[in-house]
Amino acid sequence: MTKTFLSPPIARILGIAGAVLAIVAAMLPWTTFVLNKGAWPDKATLQFFDAPFALTGFRWELFLVGIVALVCSVVKVPAQRRVLRGLGFGVAAIGLVNFLFITAEGGGLGAVTAADGASAFGSVAALVAGGLLILGTFGQPLEEIPRWKTNLPTPVEYLGLLVSFAVLLYVVSLTLTAGGQGGAANPYSGPMFLSFLGFGGGLMAAAAGLGILRWISKLSEKHRAFSIIVLLLCAFLLPFTNAGTEYWMTVAANIGVYAATAIGLNIVVGLAGLLDLGYVAFLGIGAFVAANLSGAAASSLGIHLPFYLVVIISAAIAGIFGAVVGSPTLRVRGDYLAIVTLAFGEIFQIAARNNIGGLTGGSNSIPNIPPLQWFDGTAYNESITLFGTPLPSGVLYYFLIVVLIAAVMAVFANLKNSRMGRAWIAIREDEDAARAMGIKTGKAKILAFLCGAVLAGIAGAVFAHKTSTVGYESFLFMESVTLLAAVILGGMGSIPGAVLGASLLFVLPEKLRAFSDYRLLIFGLALILIMRFRPQGLIPDRHRRAELAGEDAEGHTLAETPGDEPEQPRPQEVPAR
Amino acid sequence: MSPLLEVRNLSVAYGAIEAVRDVSFSVEEGQVVSLIGANGAGKTTTLRTISGLLRPTRGDILFRGEPIHRKAAHEILASGIAHSPEGRRLFGRMTVEENLQLGAYVRDDAAGIEADMRRVYELFPVLGERRHNKAGLFSGGEQQMLAIGRAMMSKPKLLMLDEPSMGLSPIMTQRIFDTIKELQSQGTTILLVEQNALAALALSDRGYVIDLGSTTLEGPGTDLLADQRVRAAYLGEG
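Chains A and B are the protein sequences, given in the same order.
Residues in the first sequence are numbered from 111 upward in steps of one, following the working numbering.
Residues in the second sequence are numbered from 1028 upward in steps of one, following the working numbering.
Please keep in mind that the hints were generated in silico from the structure rather than gathered at the bench.
Hints are not guaranteed to be accurate.
Unchecked claim - Selected chain A positions facing chain B (in silico; Cβ < 8 Å):
id: 1; residue: Gly270
id: 2; residue: Gly531
id: 3; residue: Glu541
id: 4; residue: Arg545
id: 5; residue: Ala546
id: 6; residue: Ile549
As the list claims (entries may be wrong) - Each pair of labels, with its calculated beta carbon distance range:
id: 7; chain 1: A; residue 1: Gln483; chain 2: B; residue 2: Ala1099; range: 47 to 53 Å
id: 8; chain 1: A; residue 1: Ala276; chain 2: B; residue 2: Arg1145; range: 42 to 48 Å
id: 9; chain 1: A; residue 1: Ala433; chain 2: B; residue 2: Gly1057; range: 43 to 49 Å
id: 10; chain 1: B; residue 1: Asn1066; chain 2: A; residue 2: Arg443; range: 37 to 43 Å
id: 11; chain 1: B; residue 1: Ala1229; chain 2: A; residue 2: Val434; range: 27 to 33 Å
id: 12; chain 1: B; residue 1: Asn1066; chain 2: A; residue 2: Phe587; range: 44 to 50 Å
id: 13; chain 1: B; residue 1: Asp1087; chain 2: A; residue 2: Phe587; range: 48 to 54 Å
id: 14; chain 1: A; residue 1: Asn474; chain 2: B; residue 2: Ala1043; range: 39 to 45 Å
id: 15; chain 1: B; residue 1: Asn1066; chain 2: A; residue 2: Ala636; range: 21 to 27 Å
To be verified - Below, a list of computed lysine-lysine pairs in the DSSO-like style, where the Cα atoms sit at most 27 Å apart:
id: 16; chain 1: B; residue 1: Lys1098; chain 2: A; residue 2: Lys553
id: 17; chain 1: B; residue 1: Lys1182; chain 2: A; residue 2: Lys553
id: 18; chain 1: A; residue 1: Lys332; chain 2: A; residue 2: Lys259
Backbone N, C-alpha and C fix where the C-beta goes; we use that ideal spot for every residue, glycine too.
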């Protein structure tokens, strides 16, 4: 419960002032001089009054948020303070990112305030505006998140979902391309991307405050099949948006491989609760098997099998290794199992580095793995024309990976709802009790490792063809940790969570290249903040959502349940590993 | 007729430490039998061994005349012995219904499982009302009800309850013991382990006192209740 140390009218005035200030900030200059690496983007060094309609980029975003905030603070909207607080954080984030970067690049505070007779208070104004907006919500306690009806006529619900997913597609496309491709020509892509994140995050928070996100998730749970089809359609439409360039398709395909792998890891960690710190080795095994069987000149085997056979063999061999690595789970538990899997990951990496059996190419890796070919002989790395639209090269791999993820998701969902899935969750919750229920825990745990490894093996086979070069550097401990972080960040046991987690963890480093030295630091900080404020993960599994957010399985917030046993302490709700 | 369960000269060791030494007792069909004894006497170990979670070092366990002490836990459960473990060990983050479904994990007759679930809800209406709530949010007594219900879901011939009254208020303890009687009247045989010797013996057809890993006394529950040695040792009378 928020303390109410401001009287409501004052808080309201503060909020309106903040919104107005955000709009003003968008119109102010943001830098006092042209920086060494080039002018700050979006004409930020120009006076607004020279070209009043030339608001672009982050200033346009800030302007939009300001307008929305102004409307929401004047008009009575549901959950007004939640909405304004979300927008306030967005405004503050845009201000802070630009403030910090201009200060750092410009060599001091003069760049963002006044220097050489020029003044540029844009970022400062945005920061203050964000602060005022947030402060304005402290007048009264935050409202309940409103609930919207979810028993509308089916066509209306379908339409709602269609619009939501279309927006999602647009947001994904914008997020991928925000700030543009980094590099010498575009030195400020990093801050521009972060500004966009602030903008998007602010609007998202406002939408969450309005209860729109919950409404969409309820509807999509209600119309599962429809949602899945529309989502797939959206994934196929992505190359037709602004993100349809070779660069972004490559990034998206890379994310896809890791997302599929993360779903596999989710079986082991999220469902069965077995901590695996060497999981990327299975991706590596799949990739090396595929590299050796696909006719790469550097492969000592010199075998060239059709792709579907390669996938099956990669999956099988990875699965065998999965069962082998899983077998210690019969004897070791918890932390000790983590050490065993960690050791396996290192053994794999060192063996691959030493070109074991001449199968991994050692430090030369295995280059020139031939690309996959479509039925008419089109190589997957060629550009194609679809429905009259030329699509960039690499788009076929992107499509393949979308299909792969869809398949992996289907496997995961079926496993999770199967008898075996229930057994895994029971083992995760309490292994001894699971045994007392008659669950063959040993078999179940090995099977979890096996299934996870098979999925990673399949992803590895696709990965080998997509990157065309497979070397041990792609399968280091860091990758295992990142995959694990993706699963935990997204929400353990949750499918969309694993995909979102993998997307974030593999897109952020790509997007934050501009910060080179600081990117891991920023990344780590972001992770800590997310886990502090959303321990159940970004898109939590139903059970874990219930567990950590104080909701029951139906999504109702639980009031304190009065018990008739006052002497019985309630079990503490601690997130399990 | 041979007893439903017969334990003969059972010994169980954790490494070098012998927790159960030469324990013998038997449970006739339809009876409530309790094992009483102080902390660390080996009662829980005995139950865990019967349900296959531990292996005996010596002795035999016969269920319906068949030796079961070499079988795996899931086989023993499937043959008709359910075990509600000490401390209840519910799946706290799962709902009531999911806990009950896991109790029926070894069964595959969907209709029968459905019927037994309804039976549990009849026996414990509070579970039926809150079937979609998480088990971990229930009070101690309600959790114990769920633990018993979950064990009943495997449709056991023999139900073993380990310390069902642990941590419960006197009223709730009484309600749990009433339930045990009710289950007996419905035809379930019950093997009860309790520290609350007074209440346990009062409803038992037969009782065994386990002390330092061995059975030292046995007899009908009411006789044991009247026995001076039992009263001295477990009921705090001197």
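Each hint, compared with the structure:
Violation of the interface hint for Gly270 (chain A) is found here, the shortest Cβ-Cβ separation to chain B being roughly 26 Å, above the 8 Å cut-off. The restraint placing Gly531 (chain A) at the interface with chain B is violated, with a minimum CB-CB distance near 12 Å, outside the 8 Å limit. Residue-level restraint check for Glu541 (chain A) is violated (minimum Cβ-Cβ distance to chain B is 10 Å; threshold 8 Å). For Arg545 (chain A), the shortest C-beta to C-beta distance to chain B is roughly 5 Å, which falls under 8 Å, so the interface hint holds.
The interface hint given for Ala546 (chain A) is met, as the beta carbon of that residue sits about 5 Å from the closest beta carbon of chain B, less than 8 Å. Nearest Cβ of chain B to the Cβ of Ile549 (chain A): about 6 Å, under the 8 Å cut. The hint holds. At roughly 51 Å, the beta-carbon separation of Gln483 (chain A) and Ala1099 (chain B) lies within the given 47 to 53 Å, and the hint holds. A beta carbon spacing of about 45 Å between Ala276 (chain A) and Arg1145 (chain B) agrees with the range 42 to 48 Å that was offered as a hint.
The hint said 43 to 49 Å for the Cβ distance between Ala433 (chain A) and Gly1057 (chain B), and at roughly 46 Å that hint holds. A hinted range of 37 to 43 Å is violated for the C-beta pair Asn1066 (chain B) and Arg443 (chain A), which are about 26 Å apart. For the hinted restraint 27 to 33 Å between Ala1229 (chain B) and Val434 (chain A), the CB-CB distance of approximately 55 Å leaves it violated. A hinted range of 44 to 50 Å for the beta carbons of Asn1066 (chain B) and Phe587 (chain A) is consistent with their spacing of about 46 Å.
Between Asp1087 (chain B) and Phe587 (chain A), the C-beta spacing of about 51 Å keeps the proposed range 48 to 54 Å intact. At roughly 56 Å, the beta carbons of Asn474 (chain A) and Ala1043 (chain B) sit outside the given window of 39 to 45 Å. For the pair Asn1066 (chain B) and Ala636 (chain A), the supplied restraint of 21 to 27 Å is violated, since their beta-carbon distance comes to about 50 Å. Restraint check for Lys1098 (chain B) and Lys553 (chain A): satisfied, since their Cα atoms lie roughly 16 Å apart, inside the 27 Å limit.
For the suggested pair Lys1182 (chain B) and Lys553 (chain A), the alpha carbons sit about 24 Å apart, so the restraint of at most 27 Å is met. Between the alpha carbons of Lys332 (chain A) and Lys259 (chain A) the distance comes to roughly 12 Å, so the proposed pair stays at or under 27 Å and holds.
The structure fails to meet hints 1, 2, 3, 10, 11, 14, 15 from the earlier list, while all remaining hints are met.
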